[in-house]
Amino acid sequence: MSTGNRKTVTPPRVTIPIGPQHPALKEPGMFKLTIEGERIVDAEVNIGYNHRGIEKLAESKTHLQVLYLAERICGICSATHNGNYAQAVEMAAEVEIPERAKFIRTLTWELERIHSHILWLGVAFHEVGFDTAFMYSWRDREIVMDMLEDLSGNRVNYSMNTIGGVRRNVSEELRSSLLTRLDKLEERMIYYRDVAIQEKTFWNRVDGVGVLETSVARATGAVGPTARGSNVPVDVRFNDPTQAYVHLRDSGEFEMILSERCDVAGRAIVRVVETIESIKMCRWLLQNLPDGPIRERVRPRVQPNEVLARYEAPRGEVVHYLVTNGTDKPERWKVRAPTHANWVSMRHTLIGNYLADAPIILAAIDPCFSCTDRVTIVDTDDNLIESVPLDIMRVRANKWYRQNGGKF
Amino acid sequence: MSRLGAMEKELLKSIKKKPATVIYPFTKEGLNIPVGLRGRWTYKNPDRCTGCKICERVCPSSAIEMVECGPDDIQTKTGWRPICHFDRCILCAQCVESCPRSVLELSAEFEMAFLSRDDMIIR
Chain Y
0 MSTGNRKTVT
10 PPRVTIPIGP
20 QHPALKEPGM
30 FKLTIEGERI
40 VDAEVNIGYN
50 HRGIEKLAES
60 KTHLQVLYLA
70 ERICGICSAT
80 HNGNYAQAVE
90 MAAEVEIPER
100 AKFIRTLTWE
110 LERIHSHILW
120 LGVAFHEVGF
130 DTAFMYSWRD
140 REIVMDMLED
150 LSGNRVNYSM
160 NTIGGVRRNV
170 SEELRSSLLT
180 RLDKLEERMI
190 YYRDVAIQEK
200 TFWNRVDGVG
210 VLETSVARAT
220 GAVGPTARGS
230 NVPVDVRFND
240 PTQAYVHLRD
250 SGEFEMILSE
260 RCDVAGRAIV
270 RVVETIESIK
280 MCRWLLQNLP
290 DGPIRERVRP
300 RVQPNEVLAR
310 YEAPRGEVVH
320 YLVTNGTDKP
330 ERWKVRAPTH
340 ANWVSMRHTL
350 IGNYLADAPI
360 ILAAIDPCFS
370 CTDRVTIVDT
380 DDNLIESVPL
390 DIMRVRANKW
400 YRQNGGKF
Chain C
0 MSRLGAMEKE
10 LLKSIKKKPA
20 TVIYPFTKEG
30 LNIPVGLRGR
40 WTYKNPDRCT
50 GCKICERVCP
60 SSAIEMVECG
70 PDDIQTKTGW
80 RPICHFDRCI
90 LCAQCVESCP
100 RSVLELSAEF
110 EMAFLSRDDM
120 IIR
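Chains as they are written, first to last, in numbering that gives the first Met the number 0: chain Y, 0 to 407; chain C, 0 to 122.
Keep in mind the hints are simulated off the structure, nothing from the lab.
Be aware that a few hints might be false.
Computed footprint of chain Y on chain C, listed as stretches where at least three residues anywhere in the stretch have a Cβ under 8 Å from a Cβ of chain Y [said to hold, decoys possible]: (1) 42-54; (2) 85-98.
A partial selection of chain Y residues facing chain C, derived with a Cβ cut-off under 7 Å [said to hold, decoys possible]: (3) 138; (4) 142; (5) 175; (6) 198.
For glycine and all other residues, C-beta sits at the position ideal for the given N, C-alpha and C.
Construct the entire structure; sequences and hints are all you get.
In structure tokens, the structure reads:
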């Protein structure tokens with residue numbers, strides 16, 4: 000073809016659906032990316048394929064039983080929901096738990112943050128195709144998994160918290176063994192921080208990708224490392240501390256990790272540095288562990304009350320709204336998982352980037368769909384997505400109960 | 000000299016190391032089973048059971064069922080004793096914690112695969 004005949008062809012807009020079932024997705028989610036050539040020009044992100052009715056189920060269980068149900072909202076942040084629910088019930092019952100229980104509860108939370116962030120780092124390495132670091136970081140994640148197993152008796156669903164305190168004590172041998180392993184873990188994490196910054200395989204893929212400006216992060220209500228990576232100082236541990244975080248903040252040794260980069264690299268740096276900060280927090284908690292009982296007796300019937308319990312989960316702020324009615328069961332329980340807050344900003348971060356960068360941008364908020372899924376109804380026949388308001392939901396529920404005779 | 004990347008040293012060091020994993024079904028060495036593991040549901044002191052049904056009431060997944068004591072069983076005060084439908088058990092150990100007479104226990108046994116649901120009823 001001669002140069003005279005050459006003409007510029009504008010690539011047509013193509014919509015690429017990813018999911019709901021896709022080999023690359025660990026949980027069902029639907030992403031419709033509209034692309035022009037290799038650039039993403041529009042994105043639609045939908046969830047709602049994994050609704051499990053946990054909140055409704057909780058209304059038929061006692062507070063003690065809901066603890067174990069809450070834990071199963073999310074596999075990675077199980078101590079988060081378990082502990083935050085326990086905290087919510089204690090607030091509703093207006094009881095103060097012993098100091099030692101607060102410290103152990105916070106220790107479990109912080110160890111969980113360490114394992115969750117290392118997990119994210121491994122996933123991020125994997126998403127950019129740097130599988131060597133993925134394997135190595137997950138090998139070293141086993142150190143903290145073993146620590147949690149020794150502490151609670153289980154690798155994943157720790158069940159450490161109960162209403163009025165914690166269920167297991169930390170013996171003197173366990174304390175010294177945890178401290179030794181924390182040193183090893185810190186050494187490894189500093190190494191991975193340096194790898195993440197110095198290794199071009201990783202850094203060039205995340206530098207300047209998926210930019211979420213500070214103003215947009217604020218406007219879309221981002222939380223957790225997503226917000227802190229965009230220089231928005233939101234961290235419940237420092238802004239509105241509960242449990243032993245009050246002591247941690249007052250000690251003045253710890254600070255909120257922020258990054259001004261606003262891109263995926265910023266979020267990665269926040270997470271890695273936060274892991275090192277968490278290790279220091281765990282060490283502080285173990286060194287200053289007070290003596291005393293680990294649980295307070297709380298009556299099963301909780302007085303009528305309405306509380307909002309907040310906690311900084313590894314992915315961001317998690318909110319448990321609980322209404323109690325004087326019985327041993329919750330009247331209403333609502334969970335706002337952090338991914339729900341971060342979800343809104345996702346579209347903005349995707350637009351303008353290359354299609355090949357979509358996986359790492361999606362992974363950068365550390366999404367957890369099943370924690371988030373609440374009431375969006377998706378009609379699989381015509382792909383209709385419908386958000387159902389409360390009154391229609393109630394009408395449907397009543398109809399269902401009438402037809403099924405009010406029995407499960 | 001061209002380098003393998005920032006992890007070069009670590010990679011070369013690992014050549015000499017043993018694998019981090021163990022070939023589990025063939026060997027159980029190096030599995031590091033912790034002392035307080037919450038494993039298979041068992042009776043610790045079956046003769047101390049009074050049949051108070053607290054374990055059945057607290058179970059979050061309705062795994063525990065109270066059955067009447069048979070002639071061969073240890074006779075409890077109320078004539079009922081717990082059995083566990085282990086397929087429903089979520090290993091939370093709330094029954095162990097709530098039992099006033101420490102009858103139950105979650106043992107260190109972690110191999111809990113069965114071929115039939117009937118095999119999973121722990122009597």
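Checked hints:
Using a Cβ-Cβ cut-off of 8 Å, 0 residues of the region 42-54 of chain C lie near chain Y, which falls short of the minimum of three, so the contact claim is violated. Check result for the region 85-98 of chain C against chain Y: holds, 6 residues qualifying (beta carbon to beta carbon below 8 Å, three or more required). Look at residue 138(Y): its Cβ gets to within about 5 Å of chain C, closer than 7 Å, so that hint holds up. Annotation: interface hint on residue 142(Y) violated; nearest CB of chain C at approximately 11 Å, more than 7 Å.
For residue 175(Y), the interface hint is violated, the least distance from its beta-carbon to any beta-carbon of chain C being 15 Å, above 7 Å. Here the hint on residue 198(Y) is kept, as its CB sits about 4 Å from the closest CB of chain C, short of 7 Å.
Hint violations for this structure: numbers 1, 4 and 5, all remaining hints satisfied.
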